[in-house]
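**Student:** Mind docking chain B on chain A? Use the hints.
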Amino acid sequence: MTDTSVKISDSAIRRRMVKEFWFYFSQNRGAVVGFAVFLLLVALAIFAPLIAPHDPVHQYRDALLIPPFWQEGGRPEFLLGTDAVGRDMLSRLIYGAQYSLFIGIVVVAIALLGGIILGLLAGFFGGWVDSVIMRVMDVILAFPSLLLALVLVAILGPGLTNAMIAIAIVYQPHFARLTRAAVMGEKAREYVTAARVAGAGNMRLMFKTILPNCLAPLIVQATLSFSSAVLDSAALGFLGMGAQPPASEWGTMLAEAREFILRAWWVVTFPGLAILISVLAINLMGDGLRDALDPKLKRS
Amino acid sequence: MLRFILSKLLYLIPTMLGITLVAFSFIRLLPGDPVLLMAGERGVSPERYAEISAQLGYDKPLWQQYFTYLGDLMHGDLGHSIVTKKPVLAEFLALFPATVELAIVAIIIATVIGVPVGVIAAIKRGSWFDQISMTGALIGFSMPIFWWGLLLIIFFSGILQWTPVSGRISLMYFFPQVTGFMLIDSLISGQKGAFGSALSHLILPSIVLATIPLAVIARQTRSAMLEVMGEDYVRTAKAKGLSLGRVIGVHALRNAMIPVITTIGLQIGVLMAGAILTETIFSWPGIGKWMIDSISRRDYPVVQSGLLLIAGIVMIVNLLVDLTYGLINPRIRHK
Numbered sequence: 000m001t002d003t004s005v006k007i008s009d010s011a012i013r014r015r016m017v018k019e020f021w022f023y024f025s026q027n028r029g030a031v032v033g034f035a036v037f038l039l040l041v042a043l044a045i046f047a048p049l050i051a052p053h054d055p056v057h058q059y060r061d062a063l064l065i066p067p068f069w070q071e072g073g074r075p076e077f078l079l080g081t082d083a084v085g086r087d088m089l090s091r092l093i094y095g096a097q098y099s100l101f102i103g104i105v106v107v108a109i110a111l112l113g114g115i116i117l118g119l120l121a122g123f124f125g126g127w128v129d130s131v132i133m134r135v136m137d138v139i140l141a142f143p144s145l146l147l148a149l150v151l152v153a154i155l156g157p158g159l160t161n162a163m164i165a166i167a168i169v170y171q172p173h174f175a176r177l178t179r180a181a182v183m184g185e186k187a188r189e190y191v192t193a194a195r196v197a198g199a200g201n202m203r204l205m206f207k208t209i210l211p212n213c214l215a216p217l218i219v220q221a222t223l224s225f226s227s228a229v230l231d232s233a234a235l236g237f238l239g240m241g242a243q244p245p246a247s248e249w250g251t252m253l254a255e256a257r258e259f260i261l262r263a264w265w266v267v268t269f270p271g272l273a274i275l276i277s278v279l280a281i282n283l284m285g286d287g288l289r290d291a292l293d294p295k296l297k298r299s
Numbered sequence: 000m001l002r003f004i005l006s007k008l009l010y011l012i013p014t015m016l017g018i019t020l021v022a023f024s025f026i027r028l029l030p031g032d033p034v035l036l037m038a039g040e041r042g043v044s045p046e047r048y049a050e051i052s053a054q055l056g057y058d059k060p061l062w063q064q065y066f067t068y069l070g071d072l073m074h075g076d077l078g079h080s081i082v083t084k085k086p087v088l089a090e091f092l093a094l095f096p097a098t099v100e101l102a103i104v105a106i107i108i109a110t111v112i113g114v115p116v117g118v119i120a121a122i123k124r125g126s127w128f129d130q131i132s133m134t135g136a137l138i139g140f141s142m143p144i145f146w147w148g149l150l151l152i153i154f155f156s157g158i159l160q161w162t163p164v165s166g167r168i169s170l171m172y173f174f175p176q177v178t179g180f181m182l183i184d185s186l187i188s189g190q191k192g193a194f195g196s197a198l199s200h201l202i203l204p205s206i207v208l209a210t211i212p213l214a215v216i217a218r219q220t221r222s223a224m225l226e227v228m229g230e231d232y233v234r235t236a237k238a239k240g241l242s243l244g245r246v247i248g249v250h251a252l253r254n255a256m257i258p259v260i261t262t263i264g265l266q267i268g269v270l271m272a273g274a275i276l277t278e279t280i281f282s283w284p285g286i287g288k289w290m291i292d293s294i295s296r297r298d299y300p301v302v303q304s305g306l307l308l309i310a311g312i313v314m315i316v317n318l319l320v321d322l323t324y325g326l327i328n329p330r331i332r333h334k
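So the sequences go chain by chain: A and B.
Each residue of the first sequence is one higher than the one before, starting from 0 at the first, in numbering that gives the first Met the number 0.
Each residue of the second sequence is one higher than the one before, starting from 0 at the first, in numbering that gives the first Met the number 0.
One chain only, chain A, in its complex shape:
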């Protein structure tokens, strides 16, 4: 067999896999809607400077707590109204998408990387390595996640970067556990033994032979963690421990809006709605991913 023919069949297999994946994913209507909303969020975040009508931190001192345009006293240049210091709500919400997506990506990347390495080590080597790693993971899981994140932020100091690190540390045991379980299931299979007999070293066995076959549950968990990261970072922001003002992070916006809840409903309603819609979209996507990637649910 020539080299090129192998390459062609590889990409054909990949195309088939993508096609099959999309077939199962698109069966789930909610998942497709979630995916569309998610793409919209990504677009908003990327093109925020082009879309947002105002600078998110510019304070229009003559326009404090202006209601949305459809309400009496609203002004057409501030579609969703302004906050207590005269910043345009719509622009802040659009820029807020950048924060949420950035937080989700960074948190999941750190947690995924750490969890995969620890889980691979624990599952592959077993014995005391496994015991030590998994006991440490148990300890992290024993704390309610938000509480541990709060305490970590207290140690590291409030701020967006530290909040992301704290949330990533709290989430990473889930990835470690999943990876470990998957690795232990795969380790004894023939293809791994074959690779070992063929002379593959430990690193190659772990990362090139076993890991690609454990990815499905990790992808589903990554999606769920993405939405939880958006929620938890907003909660930290709300408690004053996450992104700091004047950042237009949605949780931080809510914290600033709290004292106006009975006077200006819009400063409270919109940031929360933005959080809810993003988290909901990602969770819908996660449900679809699980259906598409979990072979047990495939009925063909």
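A couple of the hints might just be wrong.
As the list claims (entries may be wrong) - Taking lysine to aspartate or glutamate pairs in the EDC-like style, the calculated list, with each CA pair at most 20 Å apart, reads:
| no. | chain 1 | residue 1 | chain 2 | residue 2 |
| --- | --- | --- | --- | --- |
| 1 | A | K186 | A | D129 |
| 2 | B | K84 | B | D292 |
| 3 | B | K85 | B | D71 |
| 4 | B | K7 | A | D137 |
| 5 | A | K18 | A | D290 |
| 6 | B | K7 | A | D129 |
Said to hold, decoys possible - Some residues of chain A that are not near chain B, with every Cβ distance over 10 Å (derived):
| no. | residue |
| --- | --- |
| 7 | R134 |
| 8 | F142 |
| 9 | M183 |
| 10 | K207 |
| 11 | T208 |
| 12 | D286 |
To be verified - A few chain B residues facing chain A, derived, Cβ under 8 Å:
| no. | residue |
| --- | --- |
| 13 | V21 |
| 14 | I153 |
| 15 | I309 |
Quick caveat, the hints were computed from the structure, so don't treat them as lab data.
The beta-carbon is built from N, C-alpha and C at its ideal position, and this holds for glycine as well.
**Tutor:** For chain B alone, kept in the frame of chain A given last:
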């Protein structure tokens, strides 16, 4: 059964020690000098510094400090608050009933609504009820509860003026704490209107706290029921000509409940995290708000011991859930 319990307990010991190690490291990992942190904001003279340092044992090697710490814990000494100077354990015990009351009412709401909704959604799979309730469950599951709480305050306290905004009971009522549960204490006190006041204070926070567990329980019940309904023994029961109620109530539900009970138990950790946010929004005087206040007041001994106590409680509840699971499912016990 005894062996099952003992093995579970043994398994917990390393985790328990790990938790104490985390709590122990907490104060030592904080930026800045722990003695100065403990001494408070005003600073200390060198003599006083040496005195506090010796008193807290910071002049000894770390491993020795850890064992002293463990010894103190064994004696129930969890340190003193810097701000109030009271023992941390006493403060915790005074505030804990408020959180427990909130959590119990929340878990009751979540279970009483979540389980039937999940069962009906599973039986009428694909119906409008199934679709609406599962969409609702997914929204609940995705809800930023701190925002949800604010919305409820705007609507029920602001617009309708049905419920108070914060606290556990109206200041008009005053009676001694007997159980620490405001609902029960207000009944015991016999004061007219006290129970109603306590109830109206409790209703919004408990709904907020119940939201995520309710969504999780409804989803879990539905999928557990769907799985069980496909089993052979349910088909046999149907084939025998049993009524639908009997098939579901006696054969399906009892088996479907096993994973659901675990799910309900595992919500305790979720409730603890939720209590931090819920209590902050509603100024509910429980341990969640206490922890947040202590973090922002830099009352580190309280944070340290609060962390330990909350993790310990979550662990014990999870252990109880595990044991119940073994009790109702012999397959686990005899593994």
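**Student:** Against this structure, judge whether each hint is valid.
**Tutor:** Do the hints match the structure? See the list:
no.: 1; hint: K186(A) x D129(A); in the structure: holds, 14 Å
no.: 2; hint: K84(B) x D292(B); in the structure: holds, 15 Å
no.: 3; hint: K85(B) x D71(B); in the structure: holds, 16 Å
no.: 4; hint: K7(B) x D137(A); in the structure: holds, 14 Å
no.: 5; hint: K18(A) x D290(A); in the structure: holds, 15 Å
no.: 6; hint: K7(B) x D129(A); in the structure: holds, 19 Å
no.: 7; hint: R134; in the structure: violated, 5 Å
no.: 8; hint: F142; in the structure: violated, 5 Å
no.: 9; hint: M183; in the structure: holds, 17 Å
no.: 10; hint: K207; in the structure: holds, 33 Å
no.: 11; hint: T208; in the structure: holds, 31 Å
no.: 12; hint: D286; in the structure: violated, 8 Å
no.: 13; hint: V21; in the structure: holds, 6 Å
no.: 14; hint: I153; in the structure: holds, 6 Å
no.: 15; hint: I309; in the structure: holds, 6 Å
This entry does not satisfy hints 7, 8 and 12, going by the numbered hints stated previously.
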